[in-house]
Amino acid sequence: MVNPIYLFVIALAAGFLLSLIDKAGRSAALTVFYAALAAMAGISAQAFIAILGGAESAMIFTAGFKPPFSINLQMGLEESFFTMIVNVLGLLSGIYLVKKLKTEKVYALVLYLMMIMGLNGLIMTRDLFNLFVFLEITSIATYSLIGIERNIRSLSAGFKYMIAGGLASMFFLIGTIYLYRFTGVLHLDSMAEALDLASGPAVVLAVFTLLISVLIELKPFPANGWALDVYEAADDGLVAVIASASSAAMLFVLYKITPLLNGTLLLAVAGIGLTTFVLSNLMGLMQHSPKRLLGYSSIGQIGLIMGVYALLVHSGAASEPMTLLLVAGGLFINHFIAKAGLFWLAGLVGKDSLEGWHVLRKKPVLVFMFGVFILALVGLPPFPGFFAKWQLVMVFSEKGLTLATVLVLLGSFLEAAYLFRWLGKVLKTEGEGEVKTSFAQGLPLTLSALALIGLGAGFSLWIPGGSGLKILYLPMLLAAALFLLDFLPAWVKNTLVILLMSLYAWQLLPGLEGYRFLFGIIFLAGGVLLLIPGYAFKGKRRGFYPFAVMMYAGLAALLISESTLQLFAAWEIMTLGSYFLIIRGKRSEPHALSYMLFSIGGAFVMLMGLGLLYGVNGQSLALTSLETLTQSAGVIFLLIMLGFLTKIASMGLHIWLPGAHGEAETDVSPMVSAILLKAGMFGLIVLMSAIRRPMIGNVDITYWMSWLGAITVFLGNLLAIYQEDAKRLLAYSSVGNLGYVLFGLSMMTHMGWLTSIAFALNHFLFKALLFLAIGGVVMRVKTKNMYEMGGLIKRMPVSFISVLIGIIALSGVPPLSGYAGKWLTFNILLEKGWYLQGLVLIIGGLIAFLYCFRLIYAVFLGQLKDNHRRVKEAPLPVLIPQIILMIAIMFFSAYPGLVLHPVGDFLLKYFPQGAISWQNNTALTAYGHWDGLAVLIITGVMFASVFALLLITNRKAQKVGQFNIVYAAERPSRPELTHVGYNFFAHYRKALGIFSRPFAVKFWDGVSEFAHSAADLFRKIYSGNGQTYLVHIILFVVVVYAFVTGG
Amino acid sequence: MSSKDLEKRRVTGPDGEQFDVDPMQDYFCQERPKEHEPANKVWESFLNWARAESLWILGYGTGCGAIEMRPLMTPRFDAYRYGIQWRPTPRQSNVLVIGGYLSVKTLKRVIRSYEQMQGPKYVVALGSCTINGGMYWDSYNTINRLDKYLPVDIYITGCMPRPESLLAGFEALKKLIKEGKGEGQNLYARNFDEYKANQKKIIRDWDMPDYNW
Amino acid sequence: MGFEPIKILYSLLSLFIIFNIGMLINGITRKIGARVGRRHGIRFYQPYIDLVKNYALRSNITHGIMFYLGPVFRLTGGIGVYLFVPAIYGSEYFGNFSFAGDLVLITYFIFFGTLGMALGAGEGGHPYSAIGISRGLAQVTAAEIPLVIAFLGAAIQYQSLSVTEMVALQQGGIQNWTLVTNPLLTAVALIAYLGTMMRSPFDIVLAPQEIPIGPPTEYHSTFLGVLQTNRAIFPMAKTVLFMNVFFGGATNWGVLILKVFLIYMWSVFVGVVFPRFRVDHSIRWFYKYALPLGLVALAATSLLIK
Amino acid sequence: MTLITILGFILIVIGIWGMLSQSNIIKIIIGFSIVDTGIHLVMVSIGYLKDRTAPILDETVGKAEALARVVDPVPSALVLTAIVIGLAVTALMLAYAVKLHEMKGSLDIHDLKELKW
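Protein sequences, first through last, are from chains A, B, C and D.
With the numbering used here applied, the first sequence corresponds to residues 63 to 1109, in that order.
With the numbering used here applied, the second sequence corresponds to residues 3 to 215, in that order.
With the numbering used here applied, the third sequence corresponds to residues 262 to 567, in that order.
With the numbering used here applied, the fourth sequence corresponds to residues 50 to 166, in that order.
Just so you know, these hints were derived from the structure itself, not from any lab.
In this text, a Cβ means the ideal position worked out from N, Cα and C, and glycines have one as well.
Please note: incorrect hints may appear among the correct ones.
Stated by the list, open to error - Derived Cβ-Cβ restraints for the label pairs, each shown as a range:
(1) D:Asn-73 <-> A:Ser-1085: 43 to 53 Å
(2) B:Lys-36 <-> C:Pro-553: 41 to 51 Å
(3) A:Arg-1051 <-> C:Ile-278: 22 to 32 Å
(4) C:Ile-278 <-> B:Glu-9: 51 to 61 Å
(5) C:Pro-553 <-> A:Trp-568: 34 to 44 Å
Claimed, not checked - Anything over 12 Å on all C-beta distances counts as not near chain D; from chain A, calculated:
(6) Ala-75
(7) Met-757
(8) Gln-981
(9) Asn-1016
(10) Ile-1083
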């Protein structure tokens, strides 16, 4: 190991030399500059590797004295790691800044070096006063660097920074000197030994004063207005260092002074950190300037890290180094890299509005990186933040820190809200402009994105239970490979994905049993089927296949997950993939955002539940541990269930669905509707098969689930009839249909579950069919408004037949398969006796006829429009799966027993009583009977006979034109005026308008409005006035002190 | 509604392609009315009996005489007992009652309604106006002789004819049909060009297709 | 219970009988309507003549394949509803095809014809057809509320969905009929019956109005003939179903005809007395009056079986 | 607590008051300097022990009695460092003030509100 003192030697020497060498030319100076930075990075990295390999940590003593008499620098494991990342970041940011450094005065180089050196010192020193010195070195260098930027914004930001920093220094000095007085030493380790906080309030005050100055440097709410200004105004390369490296060093200082703190102070730190996290993310909601937004996010993340760290220490969990590493370390490194990357990107883009960032789309690689950084910040797999958050919730729940968990998840949710809004804007905003990149700017970005991915993989290995995540490796690799193959034409990728998915399904499916097999068929075979329409798309279809694979990977992993971690990771991967599929639609941006927010919100609630489970059930990650749950089963059930309910869009949580499904592309709509919704149902089955009687107090949750299901059916269907947009109509219909599924499951009986599965299977078949058919129509006519279509039966007969079969199956009219569910519903009602809910459900089901008819009539019947006279039938690749699905529906209609019988047998495992008995093809229950094949044949024969009768008597019918209608003795003039399509069920609204008021929408709008107003209110404190910021700091100190001393 | 609606128009399809739409060709059936041969005698006479005993009248009051039709529905005259009913759509009607004087404007609608009725179909004309124009014989705006424009099966005289006369007229029509003489539809098809020429001569703003199926 | 080829013949016979009953009842009904209006009215066999006339029209037109198939769907639906109902209790051959399904099947099969007809009329391209259908469907969904309640209530009372079983439990005299054992539920059923019969006050869909006659505006000649055939069978099928569930069923054709006639007269008498509802009125009426009454009946029924 | 300590704290408070109440940047910087001075006073006063001599080991103060006779030398050393740093910061602040005045033509801190919210 190289002596770490060289870190300082090199920096100082280079610093002095630079101004001389610069006389020989800037390139020579830059060479020395980069060499110095590289050497520092190399030394610290080498030290880190050496210590990791078992070397002793290095101690440097000044003038040969031993502590506590000497100033002492330490290079242990932590120090070497932190110096390494700080130096590497310093080097990368230096490279990034090369253009600027070429033109600036040479002092910029010197100051930059001093800043990095100061950070090294901050990390390494073990002496309190020395800490102050390094703090000031860093600060002065930073102030000067900010000041070099000659514009009024950065100057005023720098000045505010200086007076705030001055105040912080004041506290630091006072704290230091009093601590010295009380302990007689300045050496941190000796001080920690000598300090006795119980000896009097003055000692506490001294420690408090020291702590508060460190905290102020960590930018707590509300004493952080100056920091926001700096983030917004200073140069991007520099801000990357300030936001990531400086914060890292300050966090390390906090880590170092932790031994001085007592429980109350730790709790104060935790409280401040988490408050900052929640509030600054809240304020981020209202932010439209990208760099200030990143500022809010940085402040929030730092708050999170310090809060979580303090809680870990306070609760004793930090004594486990792995826990500290995984949780606090994971959050930290995630933020460290992602935030630096985002600030660098901000420099590349140089736009002052979030929308302006769409220029990134000119360079797909940059979009990819942007996505990586954003997703990492939000904490989605496969990035370290995800694993850290997971472990955090587990550990916190184990320690009983529920409130903290809630705050962490709330803050994360708010952060996700604005980050995904930003991502959506980048992906969807149209406009001109381009972004110029150079190698020097690309390198740091590439390295940091790769580092995030690599660390993500690493964390997935280190995390407890991480070995189970192997099931996701292969598909994720495939997705990654598809990113690289994105330059290929769509049909090649389509073929590739179909082949690989078929192969995967072939491997996976035989190993599954019972309902898992059934869902496997829906997820994977259905997935392959719905990839076929992809052939209809020309060009490259960039960014479609990786995410499609990701979504299916998540779905497949869901099937075979055995631990809660696997389940949750699969869940998030699936959500992520589907988000990117959904946002592909032309007007999808707001809907994809709302999809993501509901999904993330649901997932967080579910995570709470999983954490609770981990906590109360002996830290087991196995899904089977749900079954042995004895305490708080109801609460855990409710939390996890809420997560799944958002996915199946139960009433109240449904508002994301219509837009997300309605605006998606032709083949994405059926994927997310027919297949993805079943994931929520699958989750519910997993949950409910484990916890059979979920009670909170005396309340049976399933009873209220049945009401929710029934109301969802009723309102979902009712809302569907008012839609003018064909795909939205189908989307609302999905809401309703998943209500049946929920209702059936809530019965908690054999037949109830069978009903649910019958509905689910049927919904998969007809919804895929309908979405494909309507999607095909939309592809051709380029509108989704039904009243703009009409008469298309003549142009698109196959699509018409698809929709016809689809709506018959949907509405549950015999002889097609939808009837299975309706029949079973009556049976379970008699069995269970929940008549009222049943009634609401059945009435809701009847309303389905209205939108079914409207869908087929307004699109295919009535008057063909002028401009649709030449449209062609939907493309063949879209038709082929429709035909397959129609055959499947017919088959399922004729032989329902072939599916329901084995599923029923499997369900005996959970519900031994009340099974359906089968006689050949006849289903028999205690109440009724049904023979699908007989009904189909009888209906077929009758139909054929009547048709024959009509043909005999009326074979010469004259075919007439579409205007040859009785028109009150006039003639129609235009098809538009003759086609009744708009506001078709006006009278229904007149009669039952009260039920279709958008209560849920209003509620969520209200929540959003409230959050935004609160954000606006809070952020008004950042008046931009430096003095106000000083007041904030002083008030902050006073309030925290009052809290700490309990006065 | 003007004849402009039926001129060719250029439209843009969803994919941006442009093409012409000719409403006359595209929206209306261009098939001429055909003659329909009666079935063999015995069967046809049974069918004619059914047709005669089930006279469905188009509820369309074309002129002042329509007022005389309403009493037929009332208890006093009660035409229902003779198998006479009113239908609201020409598609389901067999009898078109022309209630007296016929303005040119109405004639256009009458022709359309008549052609939309399914055969065998019958025309009953009321009053002198339909025979020679009656008191409107020199009006600029009414027709004089309905027979020139539509094949009339029965004229009922009077100005206006009383409901009793109408009932008598319908009885006469029934007899006609039973005798197999209610072939107005075939007559119209056979002399279609002549009828059309007459119609177009008097209806100067002819803004509809020639064949109103 | 099961399928035998000979059943086809018996079913056709059964169908023929019910068709004639339907035709005659249609005639008589209109006669009654006329008499209430102090008219003499049509001849009771007039529907037959109209039917023959319509089948015998020489010319006809079609708007397309779905327009052509609409009446086929309609009649199939009507016949199907009848054939899935066990017409004569205890008769091996006049039990029709009830082995294929139970009360639920019939309840939902009612929509088969409705939906098909709606599609056919839709392709007719006439705006009034579409408006008529929109009204009709809307009213049907509301009228089905008491219907579902009534059937569900009956199923609860007899703990079975099988119509045959329900009839079996009502044998042995009038005191065993649902009418007597559960009058409240039967009241709901009778309201539902009004709603499904398409007679006044719920006949806005087909009644002459500002949109001539709604869905069948474009239908004529043979198509109309098929629809008229259905008009004879379909209401009878529904009446037979109500008879089975609420009025003790029938063990021979005589009883069946009598009961069907009397039940049908209920809708006729209400129809000639009460004026027509507008669609939004009728929807609200069903929600406001029929639904609460139904809930009370349902509650009473659940108490009854305890 | 000695008089000097109290004096130091009074200076700090006066300085902070100045920083908060004065809108002129120069005056704020002066306020900052006053705070700085106050801190230095506090620091020195902490290290100073009454009736003791300077911590210089020579013939007057022997090694053996040093501990009992001299004041604590560490705070003095610290103060020296702090003064140097304070000087640097003050200088930098003034440089900022000059530049701000060049750009903005004003020294009023209320005019520096380009960045907010």
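Outcome of the hint check:
Distance hint for Asn-73 (chain D) and Ser-1085 (chain A): a CB-CB separation of about 18 Å, inconsistent with the stated range 43 to 53 Å. Between Lys-36 (chain B) and Pro-553 (chain C) the CB atoms are about 59 Å apart, so this pair departs from the stated range of 41 to 51 Å. As the Cβ distance of Arg-1051 (chain A) to Ile-278 (chain C) is approximately 44 Å, the hint placing it in 22 to 32 Å is violated. At roughly 58 Å, the beta-carbon separation of Ile-278 (chain C) and Glu-9 (chain B) lies within the given 51 to 61 Å, and the hint holds.
Between Pro-553 (chain C) and Trp-568 (chain A) the Cβ separation comes to about 57 Å, which falls outside the hinted range of 34 to 44 Å. Against the 12 Å criterion, Ala-75 (chain A) stays outside the reach of chain D, whose nearest CB is about 21 Å from its own CB. The Cβ of Met-757 (chain A) sits about 48 Å from the closest Cβ of chain D, beyond the 12 Å cut-off, so the non-interface label holds. With a closest Cβ-Cβ approach of about 73 Å to chain D, Gln-981 (chain A) is found to remain outside the 12 Å limit, as its non-interface label requires.
The Cβ of Asn-1016 (chain A) lies farther than 12 Å from every Cβ of chain D, with a closest approach of about 76 Å, so its non-interface assignment holds. Not every beta carbon of chain D lies more than 12 Å from that of Ile-1083 (chain A), the smallest distance being close to 9 Å; the non-interface claim is violated.
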